[in-house]
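Fit chains F, C and R to the known structure of chain W by using the hints.
Protein chains: 4
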Amino acid sequence: MTEHSEYPTALGVSSAERIMLFGQDLAADLIGKVSFGHLAYQLITLSPPSRQQARVFEAVLVALADHGFTPTAIAARLTYLSAPDSVQGALAAGLLGGGSRFLGVSEETGTFLAEALSNSDPLPDTDAAWDELARAAVTARRAAGGFVPGLGHHLHKHIDPRVAVLVGVAREEDQYGPHLALFEAIGRVSPEILGKSLPLNGAGMCGAMLADLGIPLGILRGVVLLARCAGLLGHIAEEMRNPVAREIFNDVESHAVYRPAE
Amino acid sequence: MTEHSEYPTALGVSSAERIMLFGQDLAADLIGKVSFGHLAYQLITLSPPSRQQARVFEAVLVALADHGFTPTAIAARLTYLSAPDSVQGALAAGLLGGGSRFLGVSEETGTFLAEALSNSDPLPDTDAAWDELARAAVTARRAAGGFVPGLGHHLHKHIDPRVAVLVGVAREEDQYGPHLALFEAIGRVSPEILGKSLPLNGAGMCGAMLADLGIPLGILRGVVLLARCAGLLGHIAEEMRNPVAREIFNDVESHAVYRPAE
Amino acid sequence: MTEHSEYPTALGVSSAERIMLFGQDLAADLIGKVSFGHLAYQLITLSPPSRQQARVFEAVLVALADHGFTPTAIAARLTYLSAPDSVQGALAAGLLGGGSRFLGVSEETGTFLAEALSNSDPLPDTDAAWDELARAAVTARRAAGGFVPGLGHHLHKHIDPRVAVLVGVAREEDQYGPHLALFEAIGRVSPEILGKSLPLNGAGMCGAMLADLGIPLGILRGVVLLARCAGLLGHIAEEMRNPVAREIFNDVESHAVYRPAE
Amino acid sequence: MTEHSEYPTALGVSSAERIMLFGQDLAADLIGKVSFGHLAYQLITLSPPSRQQARVFEAVLVALADHGFTPTAIAARLTYLSAPDSVQGALAAGLLGGGSRFLGVSEETGTFLAEALSNSDPLPDTDAAWDELARAAVTARRAAGGFVPGLGHHLHKHIDPRVAVLVGVAREEDQYGPHLALFEAIGRVSPEILGKSLPLNGAGMCGAMLADLGIPLGILRGVVLLARCAGLLGHIAEEMRNPVAREIFNDVESHAVYRPAE
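Note that the protein sequences, when read in sequence, are chains W, F, C and R. According to numbering that gives the first Met the number 0, the residues represented by the first sequence are 0 to 261, in order. According to numbering that gives the first Met the number 0, the residues represented by the second sequence are 0 to 261, in order. According to numbering that gives the first Met the number 0, the residues represented by the third sequence are 0 to 261, in order. According to numbering that gives the first Met the number 0, the residues represented by the fourth sequence are 0 to 261, in order.
Hints are computed from structural coordinates only; laboratory data are not their basis. Note that CB positions come from ideal geometry on N, CA and C, so glycine has one too. Worth double-checking, as some hints may not be accurate.
[Stated by the list, open to error] With a straight-line Cα cutoff of 30 angstroms, these simulated DSBU-like cross-link-like pairs (lysine-lysine) come out: (1) Lys32(W) / Lys32(F); (2) Lys32(R) / Lys32(C); (3) Lys195(W) / Lys156(W); (4) Lys32(F) / Lys156(W); (5) Lys32(R) / Lys156(C); (6) Lys195(F) / Lys156(F); (7) Lys195(C) / Lys156(C); (8) Lys156(R) / Lys32(C); (9) Lys156(R) / Lys195(R); (10) Lys32(W) / Lys156(F).
[To be verified] Just the calculated beta-carbon pair ranges, DEER-fashion: (11) Ala15(F) / Pro259(C): 17 to 23 angstroms; (12) Asp28(C) / Asn118(R): 36 to 42 angstroms; (13) Pro242(F) / Asn118(R): 32 to 38 angstroms; (14) Arg141(C) / Pro47(F): 43 to 49 angstroms.
[To be verified] Taking beta-carbon pairs under 10 angstroms as the criterion, some of the chain W residues facing chain C (in silico): (15) Ala75; (16) Leu80; (17) Ser81; (18) Leu95; (19) His153.
Pulled out of the complex, with its shape left as it was, chain W reads as follows (with noise of 0.2 angstroms):
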């Protein structure tokens, strides 16, 4: 037996009465006083957030939540045919889809901006200000050989129906920031640089609204897996109901052939 390490934490200790998270009562302070979304954000950023804030992380949590059938549903839904003894395995696997190229965009979007806004002192406060940081950043990120996140959606090519909705909601909760108006003006300018017309998407229009409201960029994406994890299990509690992973996985193995590599 020897010496040991204090672990400290700003988040929850418990005695043998009391449950105490960020220094507040669970039971007296928050269960059934705060919504989940509240209590998340909070568990993030350790600040309580205002009602306004509040409204607008639980608008992005809504509009990032579920997208049908997306890769990480169909692993989701796989894993749960192969494993059904196992939700959390079933749930992890869907979870781990939530990188760099699906469920990675809200980071990007918001990590873009960002830095772009990083270098702009005084910040913009007219449109054409606006559109001209939009430009130099989107340039620049073209000339670097990069591409531009928050534009374009494989299904959503000409409007992403999400992204008017959650500006007006940031507009109303006065949660309009610069990430947010550095994203609406590479809406406003990219047609001309990129030489044709891709839509903000919600990924990315999700990503400036939680930059705007102080989520630290290197926690964003795990906004976006607690969204999408209320998606997911949407996906297994409907595979329990009516499944449709067997048909999947049929209709892929019937349809693999072999083809020698050269």
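Showing chains F, C and R alone in chain W's frame:
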């Protein structure tokens, strides 16, 4: 190229212009209009919760979100230490602990209560009758060599501070149903049968409440995982701010000793 | 700072100069001297396998490594599509399908056989006596409403091509033990009891062989997962070379249809 | 019902009578005839390894299989503690730590070496010329603000005991290629450039060897994960025999202290 099955779903399908969920328009009907907890309930059950059901459901999610340095939180932090490039991996690693021993209590309690209720027709209508049903259920479980789920807590040995508050919310919102009634009766009768006093625990209480809310038993563990998802994000975000996982790893590694198997 | 437990292990501990595994020197005694299959056997059982045991163990791993487009392989590919930055996530997603339905057959078969053997003392010593024990085990399982694991295959309806080869290897290496004897007897007697002919399948055969090799039943599924790990890496590597996951996703998404729950 | 794509694969396809892998008959050509390491190499590269390549590949797998109480092993044990019903979950949780910091070293080293080699045409043919290339590569990486992968180890501060043995196996089997030559040269020149002596570590050495074996760089981390899979099963099996995870959890939980964020 050959024929292909259709994959029916009662969740979401999208066209170029619209994203539909349960036949509702995501942008027009849901974003900014319902809370994330409301949407999660509907994703799982397909029915929109009443205002009362939503409040109880959110109270349960809040109660289950975090428990400090649980095995799952530690696993998530260690995974983030090893693979900081993959927040989804750290989150998934934490959720994978959502099995029979820790996070599974809510599901086991809900299932245990539902089985006992299914043997009682009509349902009891007095406290004495509830006590009798509880006595029969506990006695039968003990006779079968099993343990009664939802009783006892390794820290909260006398009382789990969440329990009374949760019951209060359920009563306020008129969501106090037969699972809760039976669970409270078990709390009353178990000392005499078990020969020791084990308090009702919060996880079991949440299981009873979710069962009364109509969450299917098979997905009940999933609700706990959704709640825990928020808590795990809190731990990962804290690991980004003030890491302790390396210290935990060092403490464990430096106290490893070789002891050959007999 | 306070006192700290020690954590005993019969596996590895390292000093600045040496890495020890089971009391052997990793560099001097193991690297380049034993196969990976040999080491895996020893990691699981703590005993070094004989040359014969190692060959049977490796044969089982080879037999279980890949099965084409299984649900787990498809889930791994879809996860790689979504998160190509995280090979570990794609692999983990695939392994999470290692549950009761697909990859669990080996464990279930090993457990079923071990239970039946534990009721037979002494063990049978003639084919007729083995058949009698098999008949009793199959009949009891059927009477209990369960199904007999290790029988039947959705593709190999008449004969699973791995079975005879695996039995041959076990016989050659003198590793044909009671689990295998009982499993083969089940193959002989099951048609008369079940009223239809279901071939012994490879997964069940591997379960019987692993049980005869002394792999603890509780970790038997882990051996299957180790084998499948290699197959999943094959699928992920192929997804890097010649991807099909996006096509699978597109095919599923484009055949989704909304059908409200009744 | 509509048309359906085909999914080509160079791995396995099965008919009712046969299971084919890479055009070989699994039962007739592979089971009992090749080692698991051999098959894993072929699953990843599609080419059967020579006897020499197979021995080097297996030596690497053996070298990487276990490292005692690593963060990944601890995470797997804690997950098993929480969810003992799901071995696959505990294994997956452990593998999810296979990211950039711990298990990623082999991949980073292989990639770093391959990039440096791609800038050298023809390849060096003397030790002095290798040293020059090494010096250029290390200096460039340092100038770019990056660190040189494959150097240093938190425990093996002077020498990693695996390194010399691994080099020996590669030489014996005539698999000592340019990645290894450059890696050894880095070991020679790095002290003068870095101003301190950091030993080549085993993980980096394995990366160099795997690159020389022709493993594609993108899947190189996957080989490490396969090796670690065996080690993690060892930890899970030990957790079944002589658990320590609850003690680890208790030690951490009892040393948690609340410290509010500033």
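Here is what the structure says about each hint:
no.	hint	verdict
1	Lys32(W) / Lys32(F)	holds, 19 angstroms
2	Lys32(R) / Lys32(C)	holds, 19 angstroms
3	Lys195(W) / Lys156(W)	holds, 11 angstroms
4	Lys32(F) / Lys156(W)	holds, 26 angstroms
5	Lys32(R) / Lys156(C)	holds, 26 angstroms
6	Lys195(F) / Lys156(F)	holds, 11 angstroms
7	Lys195(C) / Lys156(C)	holds, 11 angstroms
8	Lys156(R) / Lys32(C)	holds, 26 angstroms
9	Lys156(R) / Lys195(R)	holds, 11 angstroms
10	Lys32(W) / Lys156(F)	holds, 26 angstroms
11	Ala15(F) / Pro259(C): 17 to 23 angstroms	holds, 22 angstroms
12	Asp28(C) / Asn118(R): 36 to 42 angstroms	holds, 39 angstroms
13	Pro242(F) / Asn118(R): 32 to 38 angstroms	holds, 36 angstroms
14	Arg141(C) / Pro47(F): 43 to 49 angstroms	holds, 45 angstroms
15	Ala75	holds, 8 angstroms
16	Leu80	holds, 5 angstroms
17	Ser81	holds, 3 angstroms
18	Leu95	holds, 4 angstroms
19	His153	holds, 9 angstroms
Going down the numbered hints, you'll see the structure goes against none, and every one checks out.
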